[in-house]
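Asker: Next come the chains, spelled out residue by residue.
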Amino acid sequence: MMVVHWAKLLAHSRLSTALQAHSWLVPLSQSVHIVCLSILFVSVLMLSLRLMGVGRRRRSIAEAVGSLLPWIYRALMALAVTGVLQTLIEPMRQFVAPLFWTKMLLIACVLALTLAFGRLAQRSASRWDTGQVTPVVRLYAILSIALWLGIIFCGRFIAYTYALYL
Amino acid sequence: LHLVSFLTALQNTPLAVAIQSGDWLFPGIETVHVMALAIVYGSIVVVDLRLLGFAGRSRRVSEVAAECLPYTWTAFVVAAIAGSALFISKAERYFGNTQFEFKFLCIALAGINMLVFHRGIYRRVLEWDYTRPPPLSARLAGGISLGLWTAVVFLGRWVGFTV
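Each protein sequence line maps, in turn, to chains A and B. The opening residue of the first sequence carries number 496 in the working numbering; numbering runs sequentially from there. The opening residue of the second sequence carries number 1402 in the working numbering; numbering runs sequentially from there.
Some hints could be false.
Straight-line distance between alpha carbons at most 20 Å, and here's what the computed SDA-like set of lysine to any residue pairs gives [as the list claims (entries may be wrong)]:
hint : chain 1 : residue 1 : chain 2 : residue 2
1    : B       : Lys1491   : A       : Ala654
2    : B       : Lys1491   : A       : Tyr655
3    : B       : Lys1491   : A       : Arg651
Restraint ranges, calculated between C-beta atoms of paired labels, are given here [as the list claims (entries may be wrong)]:
hint : chain 1 : residue 1 : chain 2 : residue 2 : range
4    : A       : Leu644    : B       : Ser1406   : 25 to 35 Å
5    : B       : Tyr1531   : A       : Leu659    : 54 to 64 Å
6    : B       : Ala1481   : A       : Ser621    : 38 to 48 Å
7    : B       : Val1526   : A       : Val499    : 56 to 66 Å
8    : A       : Val579    : B       : Val1526   : 38 to 48 Å
9    : B       : Ser1538   : A       : His500    : 24 to 34 Å
10   : B       : Arg1525   : A       : Trp519    : 17 to 27 Å
11   : A       : Leu523    : B       : Arg1494   : 36 to 46 Å
12   : A       : Leu644    : B       : Leu1516   : 40 to 50 Å
13   : B       : Leu1527   : A       : Ser518    : 47 to 57 Å
14   : B       : Val1526   : A       : Trp501    : 35 to 45 Å
15   : A       : Met497    : B       : Ala1481   : 42 to 52 Å
These stretches of chain A come out as covered by chain B in the derived footprint (C-beta under 8 Å, 3 or more residues) [as the list claims (entries may be wrong)]:
hint : segment
16   : 507 to 513
17   : 576 to 586
18   : 615 to 626
Everything labelled a hint here was simulated from the structure, so no lab data went into it. Ideal placement from N, C-alpha and C gives every residue a C-beta, glycine not left out.
Pulled out of the complex, with its shape left as it was, chain B reads as follows (with noise of 0.2 Å):
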């Protein structure tokens, strides 16, 4: 009961009032969310195929992640603020919604996933940085971080038809 009001509390705030109002702030802030989730999901899509071994294998591992971390951070915190907006515009019907929860389930998860392998495997990353192909827990991460954002993605996109 006390969520609820806080959502209603929430979506009563002159800030998600005028975006759920007016005619083009919500397809606007809608606009950059796209724009930032682009960076943030190619950029983890290019490490992932790294450490599955499917492309860029004439580089190193760390290099790779070196280079495409700074896209993925700052992305994310723009595409995290912007859906933060747009949250907080319908905040009760989103909280509701199905689809909503599954992708943050997965983000979740996908987060978990990579803790795990920062403070794994990736730890000892100088000495499989060239390692054909990188080691099983290396692909495997991979792999598990490839799926669940694409499983981001695609309920994100679920949720514009059911929300």
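Isolated chain A (complex conformation) (with noise of 0.2 Å):
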């Protein structure tokens, strides 16, 4: 299989070799993950249900958007590099099972839409106070829940089906 070559070439590289010397850097790197995935969850969580309007509107969309967003994207940075440290250190545990392409694939359409989000509120959160918010809003409210929600359902279950595919 190609991808077991790579990740091959990737472990023996010198740069992971020189990381996998020091057996505290994952579980310390997975600890951080949890860190910044829980400021990146919440901060989701509660702009998706602002966006839908559930529970107290205690602040504007607009307020919300503009506080809520940074938060995610600096979450999403650190969540990038612990996660690419993690894979460097095991190439193989990652890249041959399946759920961690499905991870991927996820983190790209979830990322995709945010971005999108994100140009969307820029021109018209402002309009989403004063009126409707739109079916496309609560669609991404939605979604950005659910495909987070499926995120953290594979990285967990990585752990427990990579071994299937060695």
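Take each chain as given, in its own frame, and dock them per the hints.
Answerer: This is the structure we're talking about:
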């Protein structure tokens, strides 16, 4: 399989072997990954529920977007750094698992959706507060929660399934 | 000795046996635990950063707390139920695990910190809702909470490598 070849190449690279020498790096990186995931997920949840009008409307949609979206982007960047680090150290574990590629696909989808939403919000967030939230915005709200739940599911299950493909 | 026999009995209950012997029950419950803990920890971080005066300064402390607390408590109940299900499946091993013990010590300390904060300075929150920076005791409570809950996440992940 092509991916196994790449994984082996990467695993034997100088960078990967140097990182593999520190056994504490993976648990540490995973912990930071979960910390960042928590910040991201709670921001996504609060933003989406606000967009859908669930719960008390303590602040305007424009304010919610303005304060939560930057945290979503910051958390995403930190998740990417720790995620890449873990993949560098254990490429085989990731590359052979179909759930890893499923996770990457879901991340690509949610990333594209979030960037598109960010652009849309920049132009029309103020209008959502005075009038109706468009169906597209509601769809984004629901999809982003669903996609992130799927991503968390894949992330946890990679650990239990990769051995099946080795 | 009583405790050990209790733990043994616990992990021999039909539910515990089902969780430890099924292929997907343990990872499935663990996934729910991760989803819930992300909401617990994330919502606590939002409040802590506001208490420290690092983020959300344009909003009142009481408003941020009122928005986040329902998330925290709802998710905490889910995380606790899922966590208990994971615990009973290997009760003896978890109980004797150092990281597991420290994790629960940190949760207990975080609980005490929260109680002191709510019974103390938070009663007069309307007096300092917008104060910059927030009063020292509020910043202290936020800092301690952030440190302890971060330790809980790290220790929790560490348990997975040592149990």
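Asker: All the hints need checking, so say for each whether the structure fits it.
Answerer: A quick look at each hint next to the structure:
1. Taking the CA atoms of Lys1491 of chain B and Ala654 of chain A, the gap is about 19 Å. The hint holds against a cut of 20 Å.
2. The suggested pairing of Lys1491 of chain B with Tyr655 of chain A holds, with an alpha-carbon distance near 17 Å, which does not exceed 20 Å.
3. For the hint linking Lys1491 of chain B to Arg651 of chain A, the alpha-carbon distance of about 19 Å falls within 20 Å, and the restraint holds.
4. At roughly 40 Å, the beta carbons of Leu644 of chain A and Ser1406 of chain B sit outside the given window of 25 to 35 Å.
5. Remark: the range hint 54 to 64 Å for Tyr1531 of chain B to Leu659 of chain A is upheld by a beta-carbon distance near 56 Å.
6. One distance hint, 38 to 48 Å for the beta-carbon pair Ala1481 of chain B and Ser621 of chain A, holds here, with the actual separation near 41 Å.
7. For Val1526 of chain B and Val499 of chain A, the Cβ-Cβ distance of about 58 Å falls inside the hinted range of 56 to 66 Å, so the restraint holds.
8. Remark: the range hint 38 to 48 Å for Val579 of chain A to Val1526 of chain B is upheld by a beta-carbon distance near 42 Å.
9. Hint check: Ser1538 of chain B to His500 of chain A, Cβ distance near 59 Å, so the stated range 24 to 34 Å is violated.
10. Our hint of 17 to 27 Å for Arg1525 of chain B and Trp519 of chain A is violated, since their Cβ atoms are close to 44 Å apart.
11. Leu523 of chain A and Arg1494 of chain B have their C-beta atoms about 23 Å apart, which leaves the hinted 36 to 46 Å range violated.
12. Look at Leu644 of chain A against Leu1516 of chain B: about 32 Å separates their beta carbons, and that is not inside 40 to 50 Å.
13. Leu1527 of chain B and Ser518 of chain A have their C-beta atoms about 51 Å apart, which keeps the hinted 47 to 57 Å range intact.
14. Checked against the given bound of 35 to 45 Å, the beta carbons of Val1526 of chain B and Trp501 of chain A, roughly 55 Å apart, lie outside it.
15. A C-beta distance of roughly 44 Å is found between Met497 of chain A and Ala1481 of chain B, which places it inside the suggested range of 42 to 52 Å.
16. For a cut-off of 8 Å, the count of residues in the segment 507 to 513 of chain A with a CB near a CB of chain B stands at 0, and the three-residue condition is violated.
17. For the segment 576 to 586 of chain A, the stated coverage by chain B is not satisfied: 0 residues place a CB nearer than 8 Å to a CB of that chain, which falls below the threshold of 3.
18. Residue count for the segment 615 to 626 of chain A with a Cβ under 8 Å from a Cβ of chain B: 0. That is fewer than the three needed, and the coverage hint is violated.
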